[in-house]
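Asker: Each chain, written out:
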Amino acid sequence: AQSVTQLDSQVPVFEEAPVELRCNYSSSVSVYLFWYVQYPNQGLQLLLKYLSGSTLVESINGFEAEFNKSQTSFHLRKPSVHISDTAEYFCAATGGSYIPTFGRGTSLIVHP
Amino acid sequence: EAQVTQNPRYLITVTGKKLTVTCSQNMNHEYMSWYRQDPGLGLRQIYYSMNVEVTDKGDVPEGYKVSRKEKRNFPLILESPSPNQTSLYFCASSLIGPYNEQFFGPGTRLTVL
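Top line first, the protein sequences correspond to chains A and B.
Take the first sequence: its position 33, counting from 1, is numbered 33 in my numbering, and each next residue is one higher.
Take the second sequence: its position 12, counting from 1, is numbered 124 in my numbering, and each next residue is one higher.
I should point out that these hints are in silico values taken from the structure, not numbers from a laboratory.
Mixed in with the good hints there might be a few duds.
[Unchecked claim] Just some of the chain B residues that point at chain A, by a computed CB distance under 10 Å:
{"#": "1", "residue": "Glu-113"}
{"#": "2", "residue": "Val-116"}
{"#": "3", "residue": "Met-139"}
{"#": "4", "residue": "Tyr-143"}
{"#": "5", "residue": "Tyr-147"}
{"#": "6", "residue": "Leu-153"}
{"#": "7", "residue": "Gly-154"}
{"#": "8", "residue": "Arg-156"}
{"#": "9", "residue": "Ala-204"}
{"#": "10", "residue": "Gln-214"}
{"#": "11", "residue": "Gly-219"}
{"#": "12", "residue": "Thr-223"}
[To be verified] Covered stretches of chain A (chain B as the covering partner; in silico rule of three or more C-beta atoms under 8 Å from a C-beta of chain B):
{"#": "13", "stretch": "43 to 57"}
{"#": "14", "stretch": "99 to 105"}
Don't be surprised by glycine CBs; every beta carbon is placed ideally from N, CA and C.
All chains, full assembly: derive it from the sequences and hints.
Answerer: Written out as structure tokens, the structure is:
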């Protein structure tokens, strides 16, 4: 069965500092990877996704994630965070079953 | 506007009083699902549906029912709610296929006293 592990439940960081949110997956078949963001009191929304091709994918608000097949990872990074990036971030994977598997989420807390 | 709607957004009820949380999407998606979100446990899938009249259990189906009589609607039914069902519930939908993103509703915060 497919699984997704987010290694950090909470990541505190100061504004303008870089951040990395870690995600590892396990799958023996082709896998598609997603990062979703949940702002306070809202539902989840797609941040970025990896389907194929370039292993580095970017979002419109400065986040990027790199698909690393050998390490089965899809870590999310941003070189300089803002207060408005404070949110819960979920990594998700789908494969042959079509049903997405979500990680437990990482709470990014940006301090001024 | 493409969206998933849920009603009600907030609900406080008492143990044993049947309730229904509605979910509707206007994107003609085949796949719909329900999740509950609890602190420290992330998202856990309750039920999902691949199409009309096709539903299946997720990871935590006990105490819940669903139906899919129309493509756009996927209500979640709690026939006899208990306090351990106090949670934040999300409905999601997508096209069928592993490369398609999930679209989430705004959530329903349920408190069972």
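Asker: Now look at each hint and say whether the structure bears it out.
Answerer: For each hint, the structure was consulted:
Annotation: interface hint on Glu-113 of chain B violated; nearest CB of chain A at approximately 14 Å, more than 10 Å. For Val-116 of chain B, the interface hint holds, since its Cβ comes within 10 Å of a Cβ in chain A; the closest pair sits about 8 Å apart. Interface restraint check for Met-139 of chain B: the shortest CB-CB distance to chain A comes to about 14 Å, outside 10 Å, so the restraint is violated. Annotation: Tyr-143 of chain B was flagged as interfacial toward chain A, and the flag holds, the nearest CB pair being 8 Å apart, inside 10 Å.
Because the beta carbon of Tyr-147 of chain B sits about 8 Å from the nearest beta carbon in chain A, less than 10 Å, this interface hint is met. Taken as an interface hint, Leu-153 of chain B checks out: its beta carbon lies about 7 Å from the nearest beta carbon of chain A, inside 10 Å. Annotation: Gly-154 of chain B was flagged as interfacial toward chain A, and the flag holds, the nearest CB pair being 3 Å apart, inside 10 Å. Annotation: Arg-156 of chain B was flagged as interfacial toward chain A, and the flag holds, the nearest CB pair being 9 Å apart, inside 10 Å.
Hint on Ala-204 of chain B holds. Least Cβ distance to chain A is approximately 8 Å, under the 10 Å limit. For Gln-214 of chain B, the shortest C-beta to C-beta distance to chain A is roughly 6 Å, which falls under 10 Å, so the interface hint holds. Here the hint on Gly-219 of chain B is kept, as its CB sits about 5 Å from the closest CB of chain A, short of 10 Å. Using the Cβ-Cβ criterion of 10 Å, the hint placing Thr-223 of chain B at the interface with chain A is not satisfied: the shortest such distance is roughly 15 Å.
Remark: the stretch 43 to 57 of chain A is confirmed as covered by chain B, as 6 of its residues place a Cβ nearer than 8 Å to a Cβ of that chain, reaching the required three. Beta-carbon proximity to chain B at under 8 Å applies to 6 residues in the stretch 99 to 105 of chain A; the threshold of 3 is reached and the given coverage holds.
The structure shown violates the earlier hints numbered 1, 3, 12.
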